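From first to last, the protein sequence lines are chains W and V. Going by this note's numbering, the first residue of the first sequence is number 63, and it counts up by one from there. Going by this note's numbering, the first residue of the second sequence is number 41, and it counts up by one from there.
In case anyone wonders, no lab produced these hints; they're calculated from the structure. Careful, some of the hints might be misleading.
Computed list of chain W residues with no C-beta within reach of chain V, every gap over 12 Å [to be verified]:
id	residue
1	MET63
2	TRP65
3	ILE66
4	ALA69
5	LYS92
6	TRP93
7	LEU103
8	LEU110
9	GLN113
10	PRO117
In silico contact screen, one side only, chain W against chain V (beta carbon under 7 Å); selected entries [claimed, not checked]:
id	residue
11	SER74
12	ARG83
13	GLY152
14	GLY159
15	CYS162
As the structure is a prediction and not an experimental result, all values here were calculated from the model. For glycine and all other residues, C-beta sits at the position ideal for the given N, C-alpha and C.
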Amino acid sequence: MSWIFLACGILSGLSGTLSLRMASHGGTKKWYIAVCTGYVLAFSFLTLALQHGMPLGAAYGIWAASGIALAALAARVLFREPLTKVMGLGIGLIVAGVLCIENGAVH
Amino acid sequence: MKKWLLLAAAILLEVTATLSLRAAMDHPAWYPLVIAGYVGSFSSLSGVLRAGMELGVAYGLWGACGVALTALLAGVVFGDALTVPMGVGIVLVIAGVLCVELGLQAARARRLRTEGATR
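Required output: the full structure, derived from the provided sequences and hints.
Spelled out as structure tokens, the structure:
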């Protein structure tokens, strides 16, 4: 169950991030409502995942790392941003690094 | 240059907010700084995107540097243990940030060349 909440948290965080891109690129100010809703939902789902027994380091690490990887992929597809092999490798290293930091921490 | 300054501000504000959140667990007086920090951080990040930095790059650098700096500073400020896996993670994040940045520079140079060729 905690995994479903975490997945919802990742998806709502991603919606917030993509809305931030829309808001700052000439979109209407209404996109900022989507930004706020997305992040508030993301942190609410993260809290639910913690309440259902997921450790903080794992939950936050997976949330942050997936958010970074998915944002790069979504930006490639939706906004035609460059994503080369070297950049893909870099995103992979960042994801691994964030997971190491969060799960190596003594919470 | 402006976008890099804004990105640095966004990262520093995020780290400030996260460390304040840690402090607010014991002393609720820190909560206003938590809120101000996160609001400021997202405003700066929005400015970074407006200044033309790619979302995938900006969000990746912002998220990863925030996590790494928070881990380092939590050790300094709160005396939290900095374990070997965390040290490895910080090195991986730095290597990853460098790869993203180098890959982006190459991609931009290539895009400029192809645009020049079609003109």
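Against the structure, the hints:
| no. | hint | verdict |
| --- | --- | --- |
| 1 | MET63 | 26 Å, holds |
| 2 | TRP65 | 21 Å, holds |
| 3 | ILE66 | 23 Å, holds |
| 4 | ALA69 | 18 Å, holds |
| 5 | LYS92 | 14 Å, holds |
| 6 | TRP93 | 10 Å, violated |
| 7 | LEU103 | 15 Å, holds |
| 8 | LEU110 | 18 Å, holds |
| 9 | GLN113 | 17 Å, holds |
| 10 | PRO117 | 14 Å, holds |
| 11 | SER74 | 15 Å, violated |
| 12 | ARG83 | 4 Å, holds |
| 13 | GLY152 | 3 Å, holds |
| 14 | GLY159 | 3 Å, holds |
| 15 | CYS162 | 3 Å, holds |
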